[in-house]
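Listed below, chain by chain, are the residues.
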Amino acid sequence: MPPLLLVSLVLALSTLAFWQGKRRAFALSTQASSVKMHSRPGYYGMLAALWCALPALTIVVVWQLAADSLLTRMAMDGVAAAKGALTPDQVNLLVNDMRNLVTGSVVDSQIDPLLQAAADRYSGMLRISHMALAVVALVTAAVGAYLVHARIKPSLRARNQVELVIEVILTLCSTFAVFITIGIVLSVLFESIRFFQQIPFFDFLFGLKWSPQMAIRADQAGSSGSFGAVPVLMGTFLISGIAMAIAVPFGLMSAIYLSEYAGPKFRATVKPLLEILAGVPTVVYGFFAALVVAPFIRDLGVMTGLSVSSESALAAGLVMGIMIIPFVSSLSDDVINAVPQAMRDGSYGLGATKSETIKLVILPAALPGIVGSILLAVSRAIGETMIVVMAAGLAANLTVNPLQAVTTVTVQIVTLLVGDQEFDSPKTLAAFALGMLLFVVTLALNVVALYVVRKYREEYE
Amino acid sequence: MSENHQISTMDRVSVGLAARYRKERRFRLFGISAIVASLLFLALLLASITAKGYTAFRQTEVLLDVYLDPAVLDVHNLATANYAALVRDAALALFSQVESRQDKRIIGKLISTGAAYRLQDLVTSKPELIGSTRPIWVPADDEVDMFVKGHIPRDVPEAERRVSDKQASWIDQLVAADRLKLKFNTAFFQAGDSREPELAGIRGAAAGSMFTLAITLLLSFPVGVAAAVYLEEFAPKNRWTDLIEVNINNLAAIPSIVFGLLGLAVFLNFMNLPRSASLVGGLVLTLMTLPTIIIASRASLKSVPPSIREAALGVGASKMQTISHHILPLAMPGMMTGAIIGMARALGETAPLLMIGMVAFIVDVPNSFSDPATVLPVQIFLWADSPERAFVERTSAAIMILLLLLLAMNAAAVFLRNKFERRW
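Note that the protein sequences, when read in sequence, are chains A and B.
Under the working numbering, read the first sequence as residues 635 to 1095, first letter to last.
Under the working numbering, read the second sequence as residues 2 to 425, first letter to last.
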């Protein structure tokens, strides 16, 4: 029985349990008017439904997660015994072959009879497993529903029990976010550790040469690969620097104008328009950077006699900066608006002009918040992927010349992980090491941003 | 008393006043020009995409009189017959004066390989037509299409042009005979990806986007709302809930590509889920949108005034009843607005999906959550990488569609907010 059908059957059973439970509770309450039911009939139904669905669904999920690897191991037992000692890689290969045999997507004309036997065994056991799962799950559902149904009586505290279950579910959902973080840290960390077993940590962090093109197979031509992250990091900072050089002045000035000078009507039209800039998908910016901005800058360079690479850091940084403008402006806008009106009035009262008030009173007061928002924008720029993948280069040049092509952390992650993958090669693992670097840097920027805002925020009352 | 004190304060102020007002005007000018520059860029972006893309909605087609030769077609071999030969013969018939083999080959290439499929569809649906001569419109090759639309200019030297003078004259002949026209590009909306620009469409990517978003919405909305309800209504103030809060805020700022790495390591390598499937894409985007939805839902719950809670509790509702009967319905519009904005971001997201193999070249339109699929932004990325000139146009057109979808979603969010938001 396919899992989806099974799940819908369980849900159907649980709906049935709901109606039955509700009916019984209702019957009880009308039958003896002297006894008062503890909860309203719906809660008895819901309790029955929960006891019907939850255990059965848990069984389905756990079974699905565990069954596959268990069955594979059981099916491969015979093969492994016959082949003798195998490395984990070889076992994986055999398992893949076996899976392909099971799904029937085999192109090879010669099929190992041993593997074929294993595949047959696997599909046989899979069928049994599916059937067993269906029986177990449906029986559990029915038993759960029956147990509650039989216990329905006026003194059963159904509402409290239902609410407890719901509260537990809510709590689990809220811890989900923590699990995501743990998942990110663990997955990136494990692969990075494997990478650092092959490439020393300090070679990675301080190495000056990045050329990950190494032979995956022994007979492949390719350099031995060197993994010095400095040029990649330099490229990232160069492009982010250019982006911030655009985004900070433009974003900040827009925010100042919108919050201090603009009338309510102007503000109401321009602010959403600026936010469109933030809503445009980054792949669109990437396309624009590669197709319009980069050639434009190169032509400009040709006209002025400069040699500009067609994948110059300038083009990618420029477009990225424009993408970040609304980010800086909306965050700074909030901060500037939070400065109390009394401070402006005080400054005007002393005879300062508007711009003097802004420069000497409002900006210093809002500075921590503005610094915080700029730090957040930097972390956004460092982690931005599509613009640089489409408009920046692949070769890691150690340069600060914005007219040359540089590469970034995100570009390298994408190029290393799209296409050929082998999870033992440092080439693939390097992507995870870069990912960890990215994670750590952006996390640190966020934490620092929050800290700056909290620590230096002026409290006005 | 010294001389200085003879000058009053007012005089000293008015001496510098002109300069200060100049500064004031300059500052103001900086502000307005920053805004104008940003908006100009937005206009430039949209205008250049539209200018490049609008032509893709029409496709050059050629009218051929195809003789459905019974010698080639047979009711029993409709799936394998040589339709390409019929198309080529029909094309050659338009240019009776052409003799040399080489020219004939070039004429054959004026017509897209998709013409054979169109012919096959026609014959398969109406086998009784075999033996007759039918006029049918078939797509032209992408080079012809580009030439007709003016993307390959006539005034450059022949050697630098993808369309030779001879081809150009043939095309002009066809136009003069009313046999070559720009027609609405149905393939763009009905086909999956293709290596041939004139046959490539966004249907596959759109279906992939739909499946992916469906998973994302189904998972992230309930979980996000549940988490928000717990944190806002139940959570005791302690270290653990503090940790969760900090965590959610940090997750919202993590680069999306890191979520892709997580998906690759956990869903593909650890859990062995199918590569390139919209199921995995949806899971990854769920993790990414969850913080957005939690934050929006919490803000929405916060805006429900405490008096509502107190009133409900006061008449004897349990805490759960208060929430499900009163707080949630009032907070729902805000939560839905947050969800739509989160979905819009997920729809435009590309980078994490590259990590989990949704960049494969996939011709078939996906039919289920586990089929290999791609999504609209990734399709844009793939087309942007293609060397053919005609793909630039199609990329821009796909971007236009994507932007329209995003605009519609955001408009829906704004509408929801304006219609249902209550100020207490």
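Hint data in this document are derived by calculation from the structure and do not stem from the laboratory.
Even glycine gets a Cβ: it sits at the ideal position worked out from N, Cα and C.
Keep in mind that the hints are not guaranteed to be accurate.
[What the hints assert, rightly or not] Here's a subset of chain A near chain B, in silico, CB distances under 10 Å, partners left out: (1) LEU806; (2) LEU1001; (3) VAL1005.
[What the hints assert, rightly or not] Below are the DSS-like pairs computed for lysine-lysine, each with C-alpha atoms no more than 27 Å apart in a straight line: (4) A:LYS988 with B:LYS24; (5) A:LYS905 with B:LYS24; (6) B:LYS150 with B:LYS238; (7) B:LYS238 with A:LYS1089; (8) B:LYS320 with A:LYS905; (9) B:LYS238 with A:LYS905; (10) A:LYS899 with B:LYS420; (11) A:LYS899 with B:LYS24; (12) B:LYS303 with A:LYS1089; (13) B:LYS320 with A:LYS670; (14) A:LYS787 with B:LYS110.
Against the structure, the hints come out as follows:
1. LEU806: Status holds, d = 8 Å.
2. LEU1001: 18 Å, violated
3. VAL1005: It is violated, given that the least Cβ distance between A:VAL1005 and chain B is near 16 Å, above 10 Å.
4. A:LYS988 with B:LYS24: 10 Å, holds
5. A:LYS905 with B:LYS24: 26 Å, holds
6. B:LYS150 with B:LYS238: 65 Å, violated
7. B:LYS238 with A:LYS1089: Holds, at roughly 22 Å.
8. B:LYS320 with A:LYS905: 40 Å, violated
9. B:LYS238 with A:LYS905: 36 Å, violated
10. A:LYS899 with B:LYS420: Roughly 20 Å separates the two Cα atoms, so the pair holds.
11. A:LYS899 with B:LYS24: Distance of about 26 Å is within 27 Å: holds.
12. B:LYS303 with A:LYS1089: Between B:LYS303 and A:LYS1089 the Cα gap is close to 25 Å, so the pair holds against 27 Å.
13. B:LYS320 with A:LYS670: Since the Cα atoms of B:LYS320 and A:LYS670 sit roughly 22 Å apart, the hinted pair holds (cutoff 27 Å).
14. A:LYS787 with B:LYS110: With a Cα-Cα distance of about 81 Å, the restraint between A:LYS787 and B:LYS110 is violated, given a limit of 27 Å.
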